[in-house]
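A.B. asks: Sequence:
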Amino acid sequence: MNNANSRESGRSRGTAGALLVITVAGCGGPDPSGPPQLRLGRDECCACKMSIVDQRCAAGALVDGEEGVRHVVFDDMQCLLLYQRANEDVRFLGRWAQDYRRKVWIDVSQARFLTGTTVRTAMGSGIIAVDPGGDEAADTLEFGGKSVTWDGLQSWRMSDGGASDPR
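Each residue of the sequence shown is one higher than the last, beginning at 1 in my numbering.
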């Protein structure tokens, strides 16, 4: 190989290497979107720090705060509500609750919640999310409590059916 070919080959490798570095640096993965992936027994509640072991009562959010855009998960709707109240500087890009029966994420703005139920939730709030298209009378008969929307849940306090609100 003569010197001219060697220099060409070196430049090509250098250019390819620089492109690879630029490409890899820009691939930190896509920004999170949609509901979080819930890893039972591995994920920790963002508010109370307990391990999330019961999917049926879990909640999640996509937030934009000091740590950037990220998912946060909660073991109980109460924890999401308290986290939201304590972190007014955090912008919520999405909020979800697990449908108690179907174990799927429901956007909280579309969900129907039962408060003061007989269900044992992680923090004792008794709040569960149920299928918004389900039979409201049958749900309250089965689980007890009162049916509310997400907007109605915003003013909820532990005194509405649960332990004591630390706020």
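Some clues are possibly wrong.
[Said to hold, decoys possible] Taking lysine-lysine pairs in the BS3-like style, the calculated list, with each CA pair at most 30 Å apart, reads:
| # | residue 1 | residue 2 |
| --- | --- | --- |
| 1 | K146 | K49 |
| 2 | K103 | K49 |
| 3 | K146 | K103 |
Just so you know, these hints were derived from the structure itself, not from any lab.
A.B. asks: Look at each hint and say if it fits the structure.
C.D. replies: Hints and how they fare:
With a C-alpha separation of about 28 Å, the suggested pair K146 and K49 falls inside the 30 Å cut-off, and the hint holds. A hinted pair counts as satisfied when its Cα atoms are at most 30 Å apart, and K103 with K49 qualifies at roughly 22 Å. Note on K146 and K103: the hinted pairing holds, with a Cα-Cα distance of about 21 Å set against a maximum of 30 Å.
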